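Novice: Line by line, the protein sequences give chains A and B. Numbering-wise, the first sequence is residues 222 to 479 according to my numbering. Numbering-wise, the second sequence is residues 222 to 479 according to my numbering.
Quick caveat, the hints were computed from the structure, so don't treat them as lab data. No experiment lies behind these values; they were computed from the predicted model shown. Hints are not guaranteed to be accurate.
As the list makes no split between identical chains, a pair holds if one copy fits it or if it spans any two.
[Said to hold, decoys possible] Each computed DSSO-like pair below joins lysine-lysine, with the alpha-carbon atoms no more than 27 Å apart:
1. Lys386 / Lys472
2. Lys442 / Lys373
3. Lys381 / Lys283
4. Lys421 / Lys381
5. Lys314 / Lys381
6. Lys312 / Lys396
7. Lys369 / Lys283
8. Lys283 / Lys386
9. Lys369 / Lys442
10. Lys403 / Lys472
11. Lys370 / Lys386
12. Lys418 / Lys369
2 protein chains.
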Amino acid sequence: MSKNRPLILVTNDDGINAPGIRTLIEVMNTLGDVCVVAPDSPQSGMGHAITINDALYCNGIKVINGDPHREFSCSGTPVDCVKIAVNEILKRKPDLCVSGINHGSNSSINVIYSGTMSAAVEAGTLGIPSIGFSLLDYSLEADFSPSKKFVKSIAQQVLKNELPKGVVLNVNIPKLIASEIKGIKVCRQANAHWEEKFDKRTNPLGRDYYWLTGEFVNEDKGEDTDEWALHNGFVSVVPVQFDLTAHHAIKELNTWDL
Amino acid sequence: MSKNRPLILVTNDDGINAPGIRTLIEVMNTLGDVCVVAPDSPQSGMGHAITINDALYCNGIKVINGDPHREFSCSGTPVDCVKIAVNEILKRKPDLCVSGINHGSNSSINVIYSGTMSAAVEAGTLGIPSIGFSLLDYSLEADFSPSKKFVKSIAQQVLKNELPKGVVLNVNIPKLIASEIKGIKVCRQANAHWEEKFDKRTNPLGRDYYWLTGEFVNEDKGEDTDEWALHNGFVSVVPVQFDLTAHHAIKELNTWDL
């Protein structure tokens with residue numbers, strides 16, 4: 222590896238064979254020395270899960286198309302991948318960690334369920350500049366090509382500028398052709414939630430079971446949110462922090478009779 | 222159920238048979254009408270994971286000691302438990318959701334890995350006043366009795382006062398006898414992280430595998446943090462928010478050439 226090229230760790234939550242991570246690897250190969258450590262199977266909705274009661278496997282994979290990067294497939298969650306990459310696989314702390322490109326939205330409240338973003342956040346806790354990327358298209362045939370230009374420019378900016386301490390980026394890209402994307406907007410997370418509808422069924426043995434389905438409800442009309450940006454043709458960039466303290470609430474709680 | 226008594230949802234991440242949730246149920250039975258929906262097996266470290274590629278089972282359990290509450294055992298994660306409780310089991314939105322008492326610390330950065338806190342946060346996103354409780358004792362023989370008084374008084378305060386919008390409480394209790402606990406402190410999350418050490422082994426088939434082990438590193442010397450409070454004999458209460466936006470970083474990112 223070159224001394225002057227940045228060292229870039231690539232991971233995701235859809236698994237190492239997902240089309241989204243292939244696009245991300247392709248773009249990162251133009252920016253630095255790339256090492257991929259990603260789950261061996263899909264891990265969507267895993268949030269910030271870690272593997273503590275099970276052994277982890279992590280195997281090098283032969284890169285068949287002759288690309289210069291290294292690849293490792295890991296039996297754990299996205300967060301496990303970052304931990305094992307940084308502590309066992311890489312010789313030094315990477316200059317950048319990118320996660321994705323996720324198949325589907327990680328905007329607004331989705332950030333808390335997202336394995337893609339949890340990998341980025343985990344890298345952030347280790348002091349690594351970090352970005353999670355998502356494309357608002359769940360299809361396995363999603364076209365990731367319009368995303369490339371934005372992925373590249375945002376990664377370049379993070380490599381060039383210093384991210385504020387304790388901050389990682391949550392980038393969502395609308396499902397549009399390249400000419401329809403209006404640009405990039407820095408946003409806040411929209412105030413939204415999921416209203417669940419459970420699909421109740423009975424199995425052949427007579428036991429009830431449920432499938433989780435839900436409806437996304439956005440009650441936030443602000444024009445400075447990620448939801449607004451995405452609906453209006455912009456790529457949204459939300460700075461995300463892992464200090465979850467609601468600092469504004471401390472004063473109020475101190476008036477309680479605790 | 223009485224009309225005047227609050228409806229309280231109890232869950233956890235250590236599983237429905239863990240000693241910690243038994244203590245929590247006992248205390249909540251003195252405060253309101255209790256419904257327990259908890260994982261059928263331990264779910265530690267599950268973060269905000271949800272079950273989207275699998276069916277969920279959720280079964281009523283006979284409460285054998287004659288307590289007045291209802292209990293349901295669920296095959297999913299702590300977050301799944303909250304979703305299914307609110308949408309399928311309870312007739313109305315609960316007045317309070319309590320999660321725990323977790324076996325082990327959820328202070329500082331542990332909040333992002335914690336299934337206990339994710340259940341509380343999930344309830345928060347649904348507009349339910351919510352608290353996660355943890356005792357700093359990993360032992361299955363941990364003594365939860367000194368916790369009872371603090372669990373009760375904090376729950377009473379949340380029922381009486383209104384939590385600020387978008388805020389849930391992360392309560393950690395030091396491993397001390399009752400007379401040594403100095404009181405309750407409202408705190409911010411300490412700035413800390415985990416430094417992992419992977420224990421690498423070889424299985425009988427010659428394949429390498431890893432066990433995740435780690436060391437908690439607290440670089441935050443502030444006396445207003447949860448770590449300080451716990452080390453100095455106080456119960457820590459951190460107001461936690463699920464708007465992860467680093468609002469202070471938006472202005473700086475807007476100076477970038479995005």
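Novice: Each hint should be assessed against the structure and marked as holding or not.
Specialist: Outcome of the hint check:
Proximity of Lys386 to Lys472 under the C-alpha cut-off of 27 Å is found in both arrangements, the shortest distances being 24 Å within a copy and 14 Å between copies. Taking the shortest Cα distances, Lys442 and Lys373 never come within 27 Å of each other, neither inside one copy (30 Å) nor across copies (38 Å). Proximity of Lys381 and Lys283 under a CA criterion of 27 Å is satisfied in neither setting, with 31 Å inside one chain copy and 61 Å between copies. Taking the shortest alpha-carbon separations for Lys421 and Lys381, neither the intra-copy value of 51 Å nor the inter-copy value of 36 Å comes in at or below 27 Å.
In this assembly of identical chains, Lys314 and Lys381 lie within 27 Å of each other by CA distance solely inside one copy; the values are 17 Å within and 48 Å between copies. Within a single copy, Lys312 and Lys396 get their C-alpha atoms no closer than 37 Å, and across copies no closer than 39 Å, so neither meets the 27 Å cut-off. Taking identical chains as interchangeable, the C-alpha atoms of Lys369 and Lys283 lie at most 27 Å apart only when both belong to the same chain, with a minimum of 24 Å there against 56 Å between chains. Taking the shortest alpha-carbon separations for Lys283 and Lys386, neither the intra-copy value of 36 Å nor the inter-copy value of 51 Å comes in at or below 27 Å.
Proximity of Lys369 and Lys442 under a CA criterion of 27 Å is satisfied in neither setting, with 30 Å inside one chain copy and 42 Å between copies. Taking CA atoms no more than 27 Å apart as the test, Lys403 paired with Lys472 passes between copies only; the shortest distance there is 20 Å, against 41 Å inside one copy. Proximity of Lys370 to Lys386 under the C-alpha cut-off of 27 Å is restricted to the intra-copy arrangement: shortest distance 26 Å within a copy versus 38 Å between copies. Taking the shortest alpha-carbon separations for Lys418 and Lys369, neither the intra-copy value of 35 Å nor the inter-copy value of 35 Å comes in at or below 27 Å.
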